[in-house]
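Novice: Chains as they are written, first to last, in my numbering: chain R, 496 to 822; chain Z, 2 to 241.
Check before you lean on any hint, since a few could be wrong.
As the list claims (entries may be wrong) - Derived pair list, reagent style DSBU-like, types lysine-lysine, alpha-carbon separation capped at 35 Å:
#1 R:LYS785 <-> R:LYS643
#2 Z:LYS159 <-> R:LYS740
#3 R:LYS740 <-> Z:LYS155
#4 Z:LYS160 <-> R:LYS581
#5 Z:LYS241 <-> Z:LYS133
#6 R:LYS708 <-> R:LYS785
#7 R:LYS581 <-> R:LYS535
#8 R:LYS708 <-> Z:LYS160
#9 R:LYS535 <-> Z:LYS155
#10 R:LYS613 <-> R:LYS557
#11 Z:LYS62 <-> Z:LYS133
#12 R:LYS708 <-> R:LYS816
#13 Z:LYS134 <-> R:LYS557
#14 Z:LYS159 <-> R:LYS708
#15 Z:LYS155 <-> Z:LYS62
#16 R:LYS557 <-> Z:LYS160
#17 Z:LYS155 <-> R:LYS708
#18 Z:LYS155 <-> R:LYS797
#19 R:LYS816 <-> Z:LYS160
#20 R:LYS797 <-> Z:LYS160
#21 R:LYS665 <-> R:LYS643
#22 R:LYS785 <-> R:LYS613
Derived from the structure by calculation, the hints contain no laboratory data.
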Amino acid sequence: MRNILFVYLIFFTFSCQNISDIGVLVPPTVDQDSRLPNLKINVAGQNRLVHLRTFGNPTSPKLFFLHGSYTDTRAYRNLCEGLSEKYHVIIWDQRGCGLSERITEGEFTLEYAIDEIKQIKEVYAPNEKITIIGHSWGGGVATLFTAKNPNQVAQLVVMEPIPLTGADMKELYQQIVEFSYFNADWNSMARQGQALSIQDHAVLDYRAMMILKSSMTRAYHCSDRNPPEWLIHRVGGLVEHIRNKRLGNPLTTGFTYDFRNGIDNFQEPVLVLGGSCSSLGYEVQNQYTKPHFRNAKIVEIKNAGHRMNVEQYEEVMRELKNYLKAY
Amino acid sequence: MKTAIFIFSLSFLALISQAQNHFGLLQNARQTAQVQFTANPALSMGFDYLMRVEKVKIKGKPIGIGASLAFPLFSQSQLDIDVSLGASYLAEIKNNWHILSRLKYGFYHTEDINGRFFNHGLRLDLYPMYRKKTWAFAGHLALDYRPFVHITHKEYAKKAFQDLYPNNDGNYAMPQSGWFSQNLLFVNYGIAITYTKEKWNVNFTIDYARSLAKLGNVFMPDIGIIPFSANLGIGYRLAK
Chain R
496 MRNILFVYLI FFTFSCQNIS DIGVLVPPTV DQDSRLPNLK INVAGQNRLV HLRTFGNPTS
556 PKLFFLHGSY TDTRAYRNLC EGLSEKYHVI IWDQRGCGLS ERITEGEFTL EYAIDEIKQI
616 KEVYAPNEKI TIIGHSWGGG VATLFTAKNP NQVAQLVVME PIPLTGADMK ELYQQIVEFS
676 YFNADWNSMA RQGQALSIQD HAVLDYRAMM ILKSSMTRAY HCSDRNPPEW LIHRVGGLVE
736 HIRNKRLGNP LTTGFTYDFR NGIDNFQEPV LVLGGSCSSL GYEVQNQYTK PHFRNAKIVE
796 IKNAGHRMNV EQYEEVMREL KNYLKAY
Chain Z
2 MKTAIFIFSL SFLALISQAQ NHFGLLQNAR QTAQVQFTAN PALSMGFDYL MRVEKVKIKG
62 KPIGIGASLA FPLFSQSQLD IDVSLGASYL AEIKNNWHIL SRLKYGFYHT EDINGRFFNH
122 GLRLDLYPMY RKKTWAFAGH LALDYRPFVH ITHKEYAKKA FQDLYPNNDG NYAMPQSGWF
182 SQNLLFVNYG IAITYTKEKW NVNFTIDYAR SLAKLGNVFM PDIGIIPFSA NLGIGYRLAK
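Just chain Z, same shape as in the assembly (with noise of 0.2 Å):
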């Protein structure tokens, strides 16, 4: 009972706080909710809710705030889940120029046969864009920083630690699990694209994805992939 009313909690936590469908701030609507399909370039699937919030205003305009859930469409384990919580903004620069941001704090887990991973951290969407009454064009610049991962190995990642010595003499008798810091950035550059009616907005965005880790996405140009981020968004005005 404790764990279903702590899921039900989490979930109503997301999808009252708000969003990530950044985008619906483009539309005349206090609360909008997004469906949302990514490749980045793992795909999954999440659900975003934004809430305009018409008290705090930045040079007279509201900010967003908002929260995203989203599981992995193929995945080792159906235990993925990512949760963000964010506010957006809409800043007006001359004429039909604007700026469109959004500060994200994300909470991320994936399983898989290594083990279980859970970080969290802080990432920062710009999209500077050409709007007209219902198309908008955008550049996209994000960063996306984690730098602790919780690391929970499983029996697979074990087994590579036995056997290692020719007497068991030595000190190294499994993989550690823990909270470990990392150097996790992303940094993701492309562009954006929307249409925005009344009702409802469809909003894509395609980047480029870049690790700045050392050794950065080593393995996906080796099978035919060009490290990028893809994200399709359809979102729908659920109160004006």
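Looking at chain R on its own, in the form it has when it is part of the complex (with noise of 0.2 Å):
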């Protein structure tokens, strides 16, 4: 009996990785991993790997492109290849998310997203103004940066982005975040924390996943009945929790942050887009985030929900060349 306990205990220590292991659970960061494509920016007073990639020809004009929260850049590439025939497309996975290396929390901020912006700019776009795509989180995030920075702006598209500020999302909170203590999704995300230790970033990351996957935010396609996949390669557990920090907390704080404070400073009209299913769709567009703008044109995104991007690629496709000045 003892010689059996033995050789179990002796199988399980010595045998088994770690699930913090790289690889194990989600794929490895550009730190963990030199060939994956890198940029080494300077933000919160810490150098950061950024994975990043781009699409086109360096002397077109720059396009900037900025994806949403519990997602990376990988679900945008589409857009970014069908973009890249007149424009030298930048995108990356924002500090924390996707293949980026990990951050801290003191690291994220909104003045932080801000000055990754710029770092990336200074690189690619020094002395031009450039043209910004953002969705969802991006699309704040977008409005941030041109309401800071309305000279080094050309362009600016927001694709459903999150409420521009605190009193917007106050007062759509309860439509766009669906909890229920009965789903069954978010009890097999809770089921798996009693069996996965979230002891480090890894686990966060892929228990993550499930959220993306599982929604709780309302209407991210037309219908739940086979929707188009939306790939990514890591959530970034730690970033979405300080994220949610960042904005507030409808139980505790409230919502105090604020997108747009100085965007009448930007003169080019913005191009907003909507989708028709979603809970931050053309309707919600239209009442709360083109009266922030100064000159916006909202167009709506038929069967289209959060995700439009992959569920209406061709009509998302057309709307921005309509827009688009290099086209």
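Grab the two chains, each in its own frame, and use the hints to assemble them into the complex.
Specialist: Have a look at this one:
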């Protein structure tokens, strides 16, 4: 009996990898695998590697693409490739997300998110205006960067941005976020928490993928039956947690952020896209987002939820080409 | 047929061996069964059996041995199951003060869109309690340690590894399945209350559940949930 117990302990102790080892649960990040394309930037006093890809001719006008929350650049490659015909598209996994190096809590604020864009602009477009497209959270950050740096932005597109002010979010929160204690997806996520120890970021990221898939946000797609895939590499679990803290908590602090303070200084027309099925769709964007801009055009993408670029790619591309000056 | 025999045997083993129905020791009964509802915070339902073993006594008090089966009430997969075997002991301290303890070994299986997970480990529960004829009020401390987990990743997790390298020139092609070590240690502390009659008992435990893992239950406060664990059990005497 003792021998069996001894063999058992030896087997498990020495033959097992740890769940936090690289590549066990989620893909390696750029600091863990040098074969992944990366760029070093310094934000919040920290040198961090971000996973960055470019599409198109480097001599073309520069277009920065900002992804949303609970996702990374992978989900937007179709748009980047589509726009690379006329633009030099630069897209990266925002710090802490996707294949970019993980960050600590102190490195994530709205100000640092803007610094991140500035750092990358210094590398790719130091002396020219850029076009920015932002989706969801990325739409909010794109608006904030434009508000703070109106003379550095040529064109701005926001695809279903999150509510641009805390006041808007307060009104819309119940409409956007769906949570039920009796939801099977949530229960499974809680149960996974009993199976895997969140001892490191990899487990947190792995678990956060369940939120991405099961959607505690309403209406990612028009139909939940066979929705198009939303492929990602990694959800930055800790970043999502910090992001929630920075934006505010409906139960305690409320929402105090403001993405559009100063956006009046941006004179160029802004394109706002909203899906017909999304809880952040056309109606919401028309009522809440459009009035924040001096000169905005809003377009409804028919038969599309929040993930409009995978659900109605052709329609989104058509509207982008109608707006973008290079076409 | 073999599968049916296996499942039957497993259920039988669970039902005859004992119960996590350790509160059954408060009853004057040789065998008790219990149905329990648990939120930890995932919602589940369980069935317990406790048998008092008169031949094995510590300081004149018999121990109880038992088993438990639990299933989630809401789940992405209906293949989730927990099985545990254990022993319970009620020690008299002084006057109306007692300590109810339980040591169990559990096997836990869960499945979701990411993968299938199987782990096992030891759990110790201690209930220092003040006990009157029918009522008992107790504090609760539990340690739950599961150092190893077997993971079988599903397509959803595997797809995250696809299209990783610009020229498909890299080492990581998919997540790794198999046995892994981890530091899954939960500490629960809270209170319990029981009401015991001759043939039945009701018990309720509510705990704050703290994971000693590095990042703990990070997401729960974001959605307004304090990491908690609650258990309501209703036990019935099967044999005196």
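Novice: Determine for every hint whether it applies to the structure shown.
Specialist: A quick look at each hint next to the structure:
no. : hint                  : verdict
1   : R:LYS785 <-> R:LYS643 : 18 Å, holds
2   : Z:LYS159 <-> R:LYS740 : 30 Å, holds
3   : R:LYS740 <-> Z:LYS155 : 31 Å, holds
4   : Z:LYS160 <-> R:LYS581 : 30 Å, holds
5   : Z:LYS241 <-> Z:LYS133 : 20 Å, holds
6   : R:LYS708 <-> R:LYS785 : 29 Å, holds
7   : R:LYS581 <-> R:LYS535 : 27 Å, holds
8   : R:LYS708 <-> Z:LYS160 : 12 Å, holds
9   : R:LYS535 <-> Z:LYS155 : 33 Å, holds
10  : R:LYS613 <-> R:LYS557 : 13 Å, holds
11  : Z:LYS62 <-> Z:LYS133  : 18 Å, holds
12  : R:LYS708 <-> R:LYS816 : 30 Å, holds
13  : Z:LYS134 <-> R:LYS557 : 79 Å, violated
14  : Z:LYS159 <-> R:LYS708 : 14 Å, holds
15  : Z:LYS155 <-> Z:LYS62  : 49 Å, violated
16  : R:LYS557 <-> Z:LYS160 : 30 Å, holds
17  : Z:LYS155 <-> R:LYS708 : 13 Å, holds
18  : Z:LYS155 <-> R:LYS797 : 33 Å, holds
19  : R:LYS816 <-> Z:LYS160 : 31 Å, holds
20  : R:LYS797 <-> Z:LYS160 : 29 Å, holds
21  : R:LYS665 <-> R:LYS643 : 24 Å, holds
22  : R:LYS785 <-> R:LYS613 : 25 Å, holds
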